[in-house]
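> Under our numbering, the sequence shown is numbered contiguously, ending at residue 466.
Think of the hints as simulated: they come from the structure by calculation, not from any bench.
Since this is a predicted model, take the numbers as computed values, not measurements.
For every residue, glycine included, the Cβ atom is placed at its ideal position computed from N, Cα and C.
It is possible that part of the hints are untrue.
[Claimed, not checked] Once the Cα atoms are required to be at most 27 Å apart in a straight line, the calculated DSS-like pairs of lysine-lysine come out as: (1) LYS129 to LYS306; (2) LYS349 to LYS409; (3) LYS166 to LYS184; (4) LYS226 to LYS180.
[As the list claims (entries may be wrong)] Beta-carbon label-pair distances, calculated as ranges: (5) GLY154 to ALA235: 32 to 40 Å; (6) LYS265 to TYR228: 20 to 28 Å; (7) LYS374 to ASN273: 42 to 50 Å; (8) MET376 to GLY332: 38 to 46 Å.
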Amino acid sequence: MNIVIIGGGFAGINLAKELVNHPDIQVTLVDKNNYNFFPPLIYQVATAFLEPSSISYPYRKFFAGKKNLQFRLGELLSVVPAENKIILNNGELSYDHLVFATGAETSYFGMENVMKNAIPMKTLNDAIEMRNTLLKNLEKAAICKDMRKRRKLLTIVVAGGGPTGVEVSGMFAEMRKSILLKEYPELDTSASNVYLVDGGDALLAPMSKESQKDTLDALTKLGVVVKLNTKVVDYVDDTVFFESGETIKTKNLIWAAGVSAKIFEGIPQESYGRGRRMATDQYNKVNGLENVYAIGDTAILAGDKNFPNGHPQVAQVAIQQGLNLAKNFKAMTKNKPLNPFTYKDKGSMAIIGKAKAVVDLPSPKWHFKGFFAWIIWLFIHLISLITYRNRLNTFWNWMVAYFARDQSLRMIIRPDKRSQEK
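Model the full structure from these sequences, guided by the hints.
Written out as structure tokens, the structure is:
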């Protein structure tokens, strides 16, 4: 059985790992990057508390020695279902079964200026670009004599009150109180503000009321200005415009407000559901296609009464769908019945700052906050990293940051013009 997986995120890599060394299955994983990375921690790369290699790992090194796994660097251009093949930017691949595990991309809700000028928070490239931008703006602010321009350089607006928005705004607030005072004595940090804005009436909307309140209280104490029921409508000339008519002057609009799935040439329009996600049956097979599957953020599965509008676009859904589909592929090789997908909610969590986090567990319904929740968050994220090397690097960086209240990773590193042109 020749299986081609498009995308090596949570869903794709767990599907591939579960099929390792199966004698009747050959797997080819295709990704436009040559590395897997851990999205929940990219904000720590963006704020220079982790190096990129702490949360990423090359596919080829991971696949080395696994006889039935192959990696192909490439970007999907189109699918030809009638011929069981895909067209990549660097060739073609044939398949018996095709699996889309392409995740989601940043959604700007049709706002062109926001797309052009805001800083996204979705990929490792985004995180490095954000780190460079923020560090360059700090250096500009350090020599800027005009207080209005300096305030724009130092002010940060984070759009989106989900876990990423909460985590990055809390990190910035703590950095302002510690690192900026030590390393930028020429800056008056009172001229800077960290804003967290969201169009809804609560932060961390899917989590419990207790977590929402605890998060709001903790961020407010850190000095974050939280604005709820506040929708961004434009970002022009270093000015964020809101639906209410209010504006904020800033050079730093960080966009963590929404995601949408991708559309691929060759997949029929009727195979897509809400949010451009591929509509699947309970076995993750794409509607209207025979041997094409979708898992993770790019899929919307029908038939789960607990999630009539589709499962949440979170890591646990992607991991569990990847593992379940792997079991079904193994069952196919032995002509055994398939298992329908059932999501087991293992809870949700978010970190707010140093020794501050919130955790909700579904069964029993427990809520934790503060230091104990922070320890749970650290442990879960450590064990979720793909290799022991990633775990050790990340643990070491966290310990240094905790005891020193600092990190030494604030370097502006960017490719030169010649490599960018190539």
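> Would you mind confirming whether the straight-line C-alpha gap from LYS129 to LYS306 stays at or under 27 Å?
Holds: LYS129 and LYS306 sit about 19 Å apart, inside 27 Å.
> With a cut-off of 27 Å on the C-alpha distance, tell me whether LYS349 and LYS409 pass.
OK: LYS349 and LYS409 at ~20 Å, within 27 Å.
> Given a hinted range of 32 to 40 Å, is it respected by the beta-carbon distance of GLY154 and ALA235?
For ALA235 against GLY154, whose Cβ atoms are near 33 Å apart, the range 32 to 40 Å holds.
> Regarding the pair LYS226 and LYS180, is the alpha-carbon distance no greater than 27 Å?
17 Å, holds
> Does the beta carbon distance between LYS265 and TYR228 stay inside 20 to 28 Å, or does it fall outside?
Cβ of LYS265 to Cβ of TYR228: about 23 Å, so the range 20 to 28 Å holds.
> Measuring from beta carbon to beta carbon, are MET376 and GLY332 in 38 to 46 Å?
Distance hint for MET376, GLY332 is violated at roughly 20 Å.
> May I ask you to test the hint 42 to 50 Å on the CB atoms belonging to LYS374 and ASN273?
Check passed, 49 Å falls within 42 to 50 Å.
> Please work out if LYS166 and LYS184 have their alpha carbons no farther apart than 27 Å.
26 Å, holds
Checked against the numbered hints given earlier, this structure breaks only hint 8.
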